[in-house]
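Novice: Chain B is fixed; fit chains S, C and W onto it per the hints.
Protein chains: 4
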Amino acid sequence: MIEGGPEPAIPPAWEPYRQGDSISGVAIRDVRVILTAPEGIRLVVVKVETTEPGLYGLGCATFTQRPLAVKTAIEEYLRPFLIGRDVHDIEDIWQASFVSSYWRSGPVLNNAMSGVDMALWDIKGKIANLPVYQLLGGKTREAAEVYVHASGPEPAAVEEHCRELMVEGFRYLRCQVAVAGYSTYGVSGRTKDRHYRVSIDTRQERWSPEAYVRRVPELFEHLRSALGPEVELLHDIHERVPPIHAIRLASELDPYRLFFLEDPFAPEDNGYFRQLRQHSVTPIAMGELYVNQAEYVPLIQQRLIDFIRVHISDIGGITPARKLAALCEWFGVRTAWHGPGDVSPVGHAANLALDLSSSNFGIQEYSFIGERSREVFPGTPEVRDGAMWSNEQSGLGIDLDEALAARYPYPEHPVNGAWPEVRRVDGGVQKP
Amino acid sequence: MIEGGPEPAIPPAWEPYRQGDSISGVAIRDVRVILTAPEGIRLVVVKVETTEPGLYGLGCATFTQRPLAVKTAIEEYLRPFLIGRDVHDIEDIWQASFVSSYWRSGPVLNNAMSGVDMALWDIKGKIANLPVYQLLGGKTREAAEVYVHASGPEPAAVEEHCRELMVEGFRYLRCQVAVAGYSTYGVSGRTKDRHYRVSIDTRQERWSPEAYVRRVPELFEHLRSALGPEVELLHDIHERVPPIHAIRLASELDPYRLFFLEDPFAPEDNGYFRQLRQHSVTPIAMGELYVNQAEYVPLIQQRLIDFIRVHISDIGGITPARKLAALCEWFGVRTAWHGPGDVSPVGHAANLALDLSSSNFGIQEYSFIGERSREVFPGTPEVRDGAMWSNEQSGLGIDLDEALAARYPYPEHPVNGAWPEVRRVDGGVQKP
Amino acid sequence: MIEGGPEPAIPPAWEPYRQGDSISGVAIRDVRVILTAPEGIRLVVVKVETTEPGLYGLGCATFTQRPLAVKTAIEEYLRPFLIGRDVHDIEDIWQASFVSSYWRSGPVLNNAMSGVDMALWDIKGKIANLPVYQLLGGKTREAAEVYVHASGPEPAAVEEHCRELMVEGFRYLRCQVAVAGYSTYGVSGRTKDRHYRVSIDTRQERWSPEAYVRRVPELFEHLRSALGPEVELLHDIHERVPPIHAIRLASELDPYRLFFLEDPFAPEDNGYFRQLRQHSVTPIAMGELYVNQAEYVPLIQQRLIDFIRVHISDIGGITPARKLAALCEWFGVRTAWHGPGDVSPVGHAANLALDLSSSNFGIQEYSFIGERSREVFPGTPEVRDGAMWSNEQSGLGIDLDEALAARYPYPEHPVNGAWPEVRRVDGGVQKP
Amino acid sequence: MIEGGPEPAIPPAWEPYRQGDSISGVAIRDVRVILTAPEGIRLVVVKVETTEPGLYGLGCATFTQRPLAVKTAIEEYLRPFLIGRDVHDIEDIWQASFVSSYWRSGPVLNNAMSGVDMALWDIKGKIANLPVYQLLGGKTREAAEVYVHASGPEPAAVEEHCRELMVEGFRYLRCQVAVAGYSTYGVSGRTKDRHYRVSIDTRQERWSPEAYVRRVPELFEHLRSALGPEVELLHDIHERVPPIHAIRLASELDPYRLFFLEDPFAPEDNGYFRQLRQHSVTPIAMGELYVNQAEYVPLIQQRLIDFIRVHISDIGGITPARKLAALCEWFGVRTAWHGPGDVSPVGHAANLALDLSSSNFGIQEYSFIGERSREVFPGTPEVRDGAMWSNEQSGLGIDLDEALAARYPYPEHPVNGAWPEVRRVDGGVQKP
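Residue numbers (my numbering), protein chains in the order written: chain B, 1 to 432; chain S, 1 to 432; chain C, 1 to 432; chain W, 1 to 432.
Treat the hints as calculated values from the structure; they're not laboratory data. These figures come from a predicted structure and were not determined experimentally. A portion of the hints provided could be inaccurate.
The list cannot tell twin chains apart, which means a pair is met if one copy fits it or any two copies do.
What the hints assert, rightly or not - Calculated cross-link-like contacts (lysine to any residue; reagent style SDA-like; alpha-carbon spacing at most 20 Å): (1) 431 with 359; (2) 431 with 292; (3) 47 with 295; (4) 431 with 254; (5) 47 with 432; (6) 47 with 266.
One chain only, chain B, in its complex shape (with noise of 0.2 Å):
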């Protein structure tokens, strides 16, 4: 109060904010983590338990290259923080959870509170007992169409890779060719018996930019000619160039009419987009590698990308999900969650539930989960006919098999999964 001012009648607030018991009558019991790898891949699913018996949720928290400090930040740090919590105040939690440790907006971090926020979505969705795309606003079309990856050693290689596909439904075609000489990103991990083949070691890979932005126009040249304008191409850089070739590549696709280009660039070399745009007209999706709103929401608000394809649980799960797809609503950006290998099948359905709700959907990435992957987790989307479709059960609509999980435990590796260590014919260190 200023010095000699009059008596204020501020009336004092209400008693404070309730710390940490449960309104609804329903609290979290316990957070618990499951790490499996049924295809190989490691996986991290969290598993929130209630006070309600035989009431809990799922969540994705799948960083496939540190999946165990994904696992200690979850258990030392949220489990304590967040036990006796009414299972309803998923915002709040998102929010308390996100400042609660000071330092924040990192992959490790983010991936924890995904999974604890993914669950949370999974109960509401069962005390509701409605699909958690119900909560979300309801389904804006009958299922997510998705893209697959066809690759190949020669174009002809990939061209009938693209036509086994296309046998089967698939109208949406992500391809990448390999370059003689050089490993090259999304080549070697040929699907066709539908087990993911980790392509994923710690051999130091030789690559060269140069020769990686001569031939991938050739690549689509032969299949735009050989299989005619109809079905829609897409290809990944994965940020493997530097910015000056991006733009290249980009403006040379354009002939191509790509259904989109990915990750043009690495995320520090964001300030590129706008030279981008001004050489090419070829559609551009963006953004499996950030975590940070100062990635992205920059992009977003300049219309510099047409497809934002956040990892969810790269960016802390269902609840910044879906405020981003609503920002990107507003400036006409659709959505492309990220959906390689790396996303548990639990993940999957939460893009699902995204995907079906969200009027600005674009499409949906998909890597095809082998039957390992849907034993553990029974209820794991299914695609057909190009798209994949909700089971239509509450929730996520997906469970997690604890004890066949355990058979499949974290595979053998000098360093526990690393992403491989490209470099350049120098021996300088290529992002990424």
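Specialist: Quick look at chains S, C and W alone, frame taken from chain B:
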């Protein structure tokens, strides 16, 4: 297909999306419009009835200056367009309705859509057996702090009114003072007895922007000195001055630390916000007249306002408002949804559902709701301790006694409730 | 090769780069994590041991809110990734580690990398038999002037605290004052006895941004009048107010000529700096929470802050920090590395190495380091005459008594050191 | 102090910083300038001698058009300014020297400072017993890939020259072709015998920008067709055309996939880069003429160039160059330090130290260093397999045989080595 190219194997898409058939088993059976004016203000409420006996929802479509046009829009156009659709498809129904008129984004059609949209959220909450705020992410705060209106012919009278309100527990007061010789927005409706006294009529009122902008600083000089630094004071320019006057006024009010200054410009003068920001550090709340995203998205994206204060039914209901809240959160803007007398109690309940579930909630405007209204609308949110509280019932938690509502028909009025005709001293039209 | 083109004579590159074998003859033999809490604050220190007997380095990886997640990241991922590499390849190791997790730029992984990075600089200095500041370009000043923390329940008490500190030779004082009825950052930790008293616990604290911003100008009105114009006063907003309040506060503090104002906005509200600059000429120091270059590069590039104040371990160690100092120098921005109690003495030594060697050094934050810490960390930099001095030993000049460190295990804490849960009066989460 | 206020207790700062006394015990004893021209190019080398017997360093200060002015600047001004200072204080000495002339940032003074700066880094490396690249962060690649110069009177002759160079292992070729009837930069100096043949004389040369820009695309049409897509081709405009011509040329060269295009504009025309970017996706390398940060910082910050190609001695030595490399890294720009015949072998060694230690190294320009030079400068970096390799000696790893150097005095020259006077067909001066 490229001339002479090979036959592409592009697979057909699946069968077209359902055309109005219900998937969940609960469909829209009827859409009805109820007109009532318990306090003399022309309210428009929509009741969506479903194929499930006893299951219905309520929405606010109140456009008190053009209520019958809204009624016509609903009954003649939305009703036949929507009957038979799945009650769960809120997002889809909003989008389909939005473009069904081709020309869109105006107050008549937005209010019509809002009536349906809020009703569908109400229904979804009832199906889930959860309050709507739970569907939107859960409670982020115990209750929604409100601001109320104080006014008087002289600063001392405003002070007296403030003191009365403070005794009742209000900590946020919007203060308006009369300008001798001129009509002044917000002053005539002294509300001691809690029955909103209608200040709107069709007489032409005279107005002087110059007299007004001289008067207002005197009011806050008095109030801040008399009431001390702690009570939060607000003021509404109500778009009634030329832009440069609003800029000057904002600057002159800086020393009095307003919680916010409302609606400095008419929507047509949005382009002046950048200049206002250069001259004042007073928080700005804006937007009760906005009906089009071209009006509000740029202001938020450029961080030129601090509070978004749209009238939710005037932008189309909860569906766009929750996305707008998300948009604002990315840019550090808080919500202050419009909550005047011409929001029906159903609309207040919708405001509250958003207030409670939004992390970036700022404040809620509140106009006293009289006893007659509370009888017509059982479950109307209560205000105590300076905040609005949920009654914790499922859906929006509010009902409508149709028989009682019918007892309060629209009052006779020469021009059916048109906004008062305000003119400058020379007879020129003054906005608004 | 393009079909039918001529045979290019492009010569092959040389043989692939070494794969983890040491060239200099000194390789990383082990990477160990030491946890200790001599003053009750959870410190994380990394010890990199080499193939050279007796040669090792120390680095700070302290993320006191999530220390065990950092420990896991180092032990499970960085350790196997780095063993056998040449200790001299600091830049290469940083880049390879950065992308080895694919997702990156968060506080857990950055701290893990910092622990290794500082230790490698320490080792390089020992090999060179030079203090690290010499490797970084040599001494640009005799010692690094520091600012320390003064606080109290009332302005007069803060003044008293300031006078005590001034008698001890401090010329730069960060001053915080209590706000009656609310928790206030920086006030509880009165440090007269030089043992940092931990103010962080799990109680929910109440906070009013409005009360705080009214209070602070009173403090500086008092201090500037009482202490005269010469002493340098600083203040930390600690990101705890809405952006427009921070802008107002900066403007209102202009007359008191602060040396700088710290952290006006949360990282998510970086977009407001441009507006702050329009309203205030108070120097701005920013960034203890930054973990991602998308957060800080644009601010520097646009010259919107005057001091960069990141927490060096939270951006990844000396390697990125020295480049950040260089970036700042091109834009006239000075350094003010974060130096609170949750920087280990090793981290303080790293701060000092940069302080001494950077032409654009501004000031160094300093929190008193207690006797127990100095015993556990022999060689901890000393502060006298208001500045921090190098002990002129090679490397970082600091050691760790592991046996003694083991006597100070982490304190018991319900949520393992989470940041306190601060909430507004209505219960909403307050950052941070 | 405020009138009547209390006596402030502001403590005095400590005693002034040392004024030239050495702390490390090793001081600058003398600064000597050695002039020599083993290949006919006027080189300027600085030798800093220390108080430690036998300990000295070498730096390149070669400004071949104004060598005696550099010599005077060093001997008359830097030498007395620096004698007695601690050899370790490289950063401090650079800053103090920089402002010691008050007017600064020109090639004479920058070269003078570079001579001292490189010598001090050389000394520091010797004291540390480490190559300078180790002080700068260690090796990020095995060796530095180089580009060399191919030229000829006709495209076919350039092709032949290229093939010879490719056989020798070079993968990056800068190609220049003669324009009939006009002098052309870079063409006369055919270098088969590896003795740089001096192309610079004082005769006035005639030049036609129009003829040149017509000619260059023909060259690359020929080369790309003849040599295939894999070899990396470069071209240097050498600032010899009006800006809009350079923009057109960049655009016309897009199909030939240059590795980069050098120096499109004179420094005075920096303002055209934004337009160039709108018209071309060819990577741009810029900057051999820059001497002032106002010339290069904005280009980098706006990401308008892809390679920074300053002449290190012309910006002041390793100290500013390493900060410039850091600046570039934040913005995705790579390094391509100027490496022509008028860089002394000492300067090449300094380039190499930065090349090896910079993550954002791009390419190194290399002009063949003749046998005479290698005798005068023992330890000159070797080029094999298309890359420049460190000799792994401490410091810059290079020495100077002063007696031998004295045998190669500056050649007689009417205007002492002035840059050739190039004029347009009408006699107007052509830059540069």
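Novice: Hint by hint, note whether the structure agrees.
Specialist: So, going through the hints one by one against the coordinates:
Only between protomers do residue 431 and residue 359 lie at most 20 Å apart by alpha-carbon distance; the minimum there is 11 Å, versus 34 Å within a single protomer. In this assembly of identical chains, the alpha carbons of residue 431 and residue 292 lie at most 20 Å apart whether taken from the same copy (18 Å) or from different copies (16 Å). Taking identical chains as interchangeable, the C-alpha atoms of residue 47 and residue 295 are never at most 20 Å apart, the minima being 30 Å within one chain and 33 Å between chains. For the homomeric pair residue 431 and residue 254, neither the shortest alpha-carbon distance inside one copy (25 Å) nor that between copies (25 Å) is at most 20 Å.
For the identical chains of this complex, residue 47 and residue 432 are neighbours neither inside a copy (31 Å) nor across copies (27 Å), given an alpha-carbon limit of 20 Å. With identical chains, the CA atoms of residue 47 and residue 266 are never at most 20 Å apart, being 33 Å at best within one copy and 31 Å at best between copies.
Comparing the model with each earlier hint shows violations of hints 3, 4, 5 and 6; every other hint is respected.
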